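In case you want the letters, here they are:
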Amino acid sequence: MTAHERQTGLQKLANRENQIFLALTIVIAVIAGLSAVLFTLAIQGTQHFLFGLSPSWMRLLLVPTLVSLLTGFLLAKFFPGARGSGVPQTKAAYHLQGGRIEAAIPFGKFLTGALCVGSGHSMGREGPSVQIGAGLASAIGRLFQLSPERTKSLVPVGAAAALAAAFNTPVAAVIFSLEEIIGDMNAPLIGTTVVASVTAVIVERSILGDEVLFRVPAYHLAHPAELIGYAGLGILGGLISVAFCKGLLRLRAFFLGLPARTLILQPAAGGLAAGVMLMFVPQVMGVGYSYVDQAMSGGLLLKAMILLCVAKVIATIVSYASGNAGGIFAPSLFIGAMAGGAFGMAMQRFAPFPTGGSGAYALVGMGVLFAGIIRAPMTSVFMIFELTQDYQILVPLMVANMLSLLISKHFQPTPVYQALLEQTGIYLPED
Amino acid sequence: MTFSPDSHLNSGTFSALLRQETIILVVLAAAAVPLFLFTRSMAAWNRQTNIANGQVWYERALKAREQGASDTSLDDFRRAASADRDNMEYSLALAEALDSAAQVDEARQILLRLRNARPEDGRINLDLARLSVKADEVDTARRYYHQALYGMWPPGRLEAESGTIRLELVRFLVSRQDTSSAVSELLILEANSPANAAAKAELGSLFLQANEPERALKQFLAALNLEPANAEALAGTGVAQFKLGNDKAALKQLQIAAQTGPMPADAEQALRLADLVLSGDPMANGIGARERARRLTIALDLGTKRLEACRVQDAVSDPAAAETLKNELATMKQQISRESAGADLNILRDGLKIASRALLGATETCKPATDLEQAIVLAAERHKVNTP
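Residue numbers (the working numbering), protein chains in the order written: chain V, 1 to 431; chain F, 1001 to 1388.
In isolation and in its complexed conformation, chain F is listed as follows (with noise of 0.2 angstroms):
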């Protein structure tokens, strides 16, 4: 209606502008509610396309996938989250497949955008850990394994994938010497560990990667009981052994586990390692005086020749510290060769100490190099002749 002041009105054009008004308001808000219900159905079936889209697309994801054509199946994994954009299968499944063509940036942003929407989702959280170590991200990598741990799982899958999710993070803390963490991770998985051999022997060989001899012995023991020849279980229960100190049955462990088959090199060097220690501790036990001063002679030379090696190397940092234990090497040798020095406790405790002490070198960068140097220090920590 088109108003001006010069307008004449009286109530009656008054009332019938207003009556023609609201009639046409009327009119167009009632033309506003099918339009309104129109459009919802419209976008309803477009969004039923896209889903349908969606599977397509993902069905031919999941084929190129298996037929190796990676290019292909990310391209099409794309294109599935694109359609369907709720679908979380089809975003998880297009951030794996970026991860795997190394585009981590991507699938990260896609896993982060995920997460937002679902914070306590296991698989989510399960992706981004796996990002993470990739990474190299300790702390936040720990976090989401622990997010994926306690987090929410399809009905059944947690029970299937704790145990595996929580290796995975054992190996990882494990391989970034962050062993108490792996530890703790451990006692929970011992806690639930089946009655199976292998699960034993691998948890075994994990408290030992961890520095839990003690704790690796009764996993590999246990194992024993299950499956009396399980190769691990017989190499690992020696390297336990020997870890232990124990080096009697370290030896005897690993030659019959040797016997067995080929065993990891771990086994290998502990088996190496504990032979030299049993037959070159000038302090073990059954030998008389002479092989003592024998063998302390050989650890006293060994040293000897370690100091000079690592001056030379000139990875000697104290030149004056190191003279003064060449001198003490010295007249330790000249102690020994005495008659009854072998015999002599103090002697052997003190020849044993020098001589690991040169053996360790002056500095981090000249440590022992051969497996009898080794031997010798191994046999100084055991008799712990290092300690007041």
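Chain V with its partners taken away, still in its complex shape (with noise of 0.2 angstroms):
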């Protein structure tokens, strides 16, 4: 073979690849796209198959704490890379593990994951979504014996497709797979989380139809004034968040402390301190999306707002830090929208000048509190954006969402998937 003969191989292989590269992006956003709506039925059928129409109070103690009992088992013995979110798991794999995330653990996270999310554990499903999708990804691109830096750039492709059909906003999908995933906006690789991502929707609308996740009310400005109230939403938001981030992080703290033996009950502690709550609040059951479209259509009252917006945040730590299979992604959402919500209707009774409905305020809350708990700004606002699809939202917005970054960097300066990933003695890289 001569050298130039070699040459044209070589470049006919490598073009081979592109090619490839582009068609398993485009397979890898279905599956990973499929495996986010199957995930997503799996958890509303779980949960009503656990607690049919009204449970007694029985069923909401029991049901969680059963149910984590068998989880807590299969986390320990067979899927320990399935606890918890998934993104932080998702992001070790893609800076430290060359994109290598094992084939039992999608499997593994879907399976703890709708139990536990399905079970009533306040928790939600787009970090497992994340993970399910980037560990398809990642096995995927091993059965092609890819090279480990396509097999490592495969990764946010699954984690985009994955998140843009368990949320249904493609965008945001690809800018939390290059915020969070990536940690770079300027990655080449904005290309193929882009079409993965838009496949991914294709799919989950092909099956779910068109319908919205949220009924979003119309939003405006009602006096310039009320930015003021906007940028007083960002602080409280940014202090739910540190109040959160280090309600969680000290209580992962204290069940990573405890001995290994109780590894497998932990769970199920949560399990019952969840069922204790949802006697009590049975609104903080899994995702709660219906109750954060309450929040936005303003059919909650105030008190109910931070009642839900307290026990969603206690019921959240609670769930997360004894060691069960779900993400603080939704949660984040669910209290945003009720301090939003809360914080709104305040405005409207207290502000000296008009102000907008307390929708508009709980949607921006969902915003502000998603910036400073997962710390992707970005994300946050064209998340936002594409639920509301309106233009004016976008100042009040990022004003709130900037100082709700701001202070939780202050008073939490890892971000807290980092945090999680450091306290099992995980360290990312600087940059």
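Since the hints were made in silico from the structure, they are not lab data. There could be a bad hint or two in this list.
What follows is a set of in silico ranges between Cβ atoms, one per label pair, in the way DEER data are often shown [claimed, not checked]:
(1) Asp390/V - Gln1269/F: 39 to 49 angstroms
(2) Ile202/V - Val1056/F: 45 to 55 angstroms
(3) Ser206/V - Gln1048/F: 44 to 54 angstroms
(4) Pro1264/F - Val395/V: 55 to 65 angstroms
(5) Pro352/V - Asn1192/F: 49 to 59 angstroms
(6) Ile202/V - Pro1194/F: 52 to 62 angstroms
(7) His223/V - Thr1260/F: 53 to 63 angstroms
(8) Phe350/V - Arg1176/F: 25 to 35 angstroms
(9) Asp390/V - Arg1176/F: 25 to 35 angstroms
Under the rule of at most 30 angstroms between Cα atoms (straight-line distance), these lysine-lysine pairs were calculated in the DSBU-like manner [as the list claims (entries may be wrong)]:
(10) Lys1243/F - Lys1218/F
(11) Lys409/V - Lys246/V
(12) Lys1134/F - Lys1248/F
(13) Lys1248/F - Lys1333/F
(14) Lys1063/F - Lys303/V
(15) Lys1134/F - Lys303/V
Quantities reported herein were computed from a predicted structural model and do not represent experimental measurements. Ideal placement from N, C-alpha and C gives every residue a C-beta, glycine not left out.
Combine the two chains into a complex, taking the hints into account.
Right under this line is the structure:
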């Protein structure tokens, strides 16, 4: 073989790999999207099966406890990498393990995540979906025996696709993948993540239809001084974010400090605590988007929103810290909607200038808490923008997000996902 | 496949690679198809479950509403609408329950969202109209009422309800003093009015409220033709006659109505005023010059007292004009005291004009206080004494 022939052959292979990578991106996006939809359906089905229409207090207490006994066993014996959200593990896999995620992880995450969230734990489905999507992408990459670099590149692709299908916001999913998983908004993978995200959303909509996740209220700034109100919401959101993150990390540290033999029972302890909470505040059960929707429609009273905000913070901390499988993406939106809605109602009563509806504050509150807890401000802005499709919301949202982020960074310098990893001895590279 | 620049490749290995990759891709794509179908069937099952749950919650909500448990009913309607978001019936029921619970903002949001999906739906527009009525948004309410009237309804519903909806609209317009719009709607109602006394009498009452006594009288008479003892029509006919200035006919009709039973407040007032106009009008037919002079003197005295009362109340905006009017009243009283003054139509006319001006007061805040004062003003109006 001459040097020229060899060079041509290599060029052909490189081109071929690019083509395969693109085709794979689409196939992975379809599979990740399907897995995310199936995961959502599995959670709903589990919840319906376990609780029925109007569960008794005994059922509310026992279901999360008993199911957590089972998931505790599964997580301790078979899927230790499937605890918690899945986003930190995906980040670690991308940055430290060359994108390698064991093939059992997506399966384990699906099973334990559906059981944990479906049994009433106050946790989200988006983080697990990200890990499932990324895990499937990684497994498929290895099945194709792609180069480590290529396999690593598939992880954010799978994550973006799964998140896009789980949350129905394709642009925010791309931004999340770049901002949170890769940690670089200028990453060259932006093209493939966009393709994956769009493909997954098409798959999701072809199955679930065009139904929106939230029925978002019409937004308008009633008075320029309202921006001061949104700044206030940013400060409040920042403080709640700090309280949530610190509470979560402290309780998680407590559980991690317990003897290893208790590991199998820790999720059940969280399940018992969650069950007790469900007996009094069943609204904190699971993902809770219907109550977010209600807060945005102005359908909750001030006291109810304050109660739900506090209860969700506690319930999520307990569920997550005790080692159950589920995310904090949805809880942060829930807490934000309640805090924002309550703040908006207070503004309506006490502000000396006209204000918009409490639903608008609930909406901005979601973004604020997401920015404060998850520390993904750009994702937060794009997510709320995609939900509202209204440019007017951008300025108040950015003002509030910035303040929330600054306060959160000041009091909790390490982002929560990173801090959770560090608690298990995993340290991500600085940049 | 791991590629590196150092790979030693020939066409055989390259082809083998291609074949292997293609097979894996095809297998993956093929695996995605059953996964897609499975997910779809799971989604369909989930949807059916949600629809069934929605139905259960809706029925519970209806039962709770029947039992008067409005909070439980509202919660259950909310659950039903949340379980089956495509079901307009549940969302409408939720909006109505929210409206009843005074949670108007949320009710409006739900209805607006429904309207975005079905802008021509009559029921949604009607509910929005009712919310706008509560918020006193006249133009918006009128628009929604019209969209309800000309919108899409389940078969047979519009025919059954259009009259009721239009009546509701008219009542709203009348209550907001938008009489010209109310009359337009009433004319449509009149054209489609059923041939029964109650409907005709109600239409007549609405015409009366919309300041259309002539049309009102027509409806009341039609009602009396159908049911001669119809109390509403009897009283209404009297009020319409009174408003048309036919005091004698009004008095007679209202006296008959009063004998049949208690009358509404406006009919009672019309009866009193008609009686007073007939007994206090100095320009009435069939009375002598002395009686005319007596009646005018009473009118002028009342005018003087009213003007003084207005001055004491500090309700006179132009004291100089009031003083002039007071002097005119005094002069007229002197004129009327002459022997033949009661027979002079010009004096009577000028006297009644001055008295009514004084009774109407110098300002908006100082108006005729007693029925007799009102009767004199009405008499002046009947004789158009203020018209040049």
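Going down the list of hints, with the structure as the test:
| no. | hint | verdict |
| --- | --- | --- |
| 1 | Asp390/V - Gln1269/F: 39 to 49 angstroms | violated, 55 angstroms |
| 2 | Ile202/V - Val1056/F: 45 to 55 angstroms | violated, 34 angstroms |
| 3 | Ser206/V - Gln1048/F: 44 to 54 angstroms | violated, 18 angstroms |
| 4 | Pro1264/F - Val395/V: 55 to 65 angstroms | holds, 58 angstroms |
| 5 | Pro352/V - Asn1192/F: 49 to 59 angstroms | holds, 52 angstroms |
| 6 | Ile202/V - Pro1194/F: 52 to 62 angstroms | holds, 56 angstroms |
| 7 | His223/V - Thr1260/F: 53 to 63 angstroms | holds, 59 angstroms |
| 8 | Phe350/V - Arg1176/F: 25 to 35 angstroms | holds, 33 angstroms |
| 9 | Asp390/V - Arg1176/F: 25 to 35 angstroms | holds, 33 angstroms |
| 10 | Lys1243/F - Lys1218/F | holds, 13 angstroms |
| 11 | Lys409/V - Lys246/V | holds, 12 angstroms |
| 12 | Lys1134/F - Lys1248/F | violated, 41 angstroms |
| 13 | Lys1248/F - Lys1333/F | holds, 29 angstroms |
| 14 | Lys1063/F - Lys303/V | holds, 28 angstroms |
| 15 | Lys1134/F - Lys303/V | holds, 26 angstroms |
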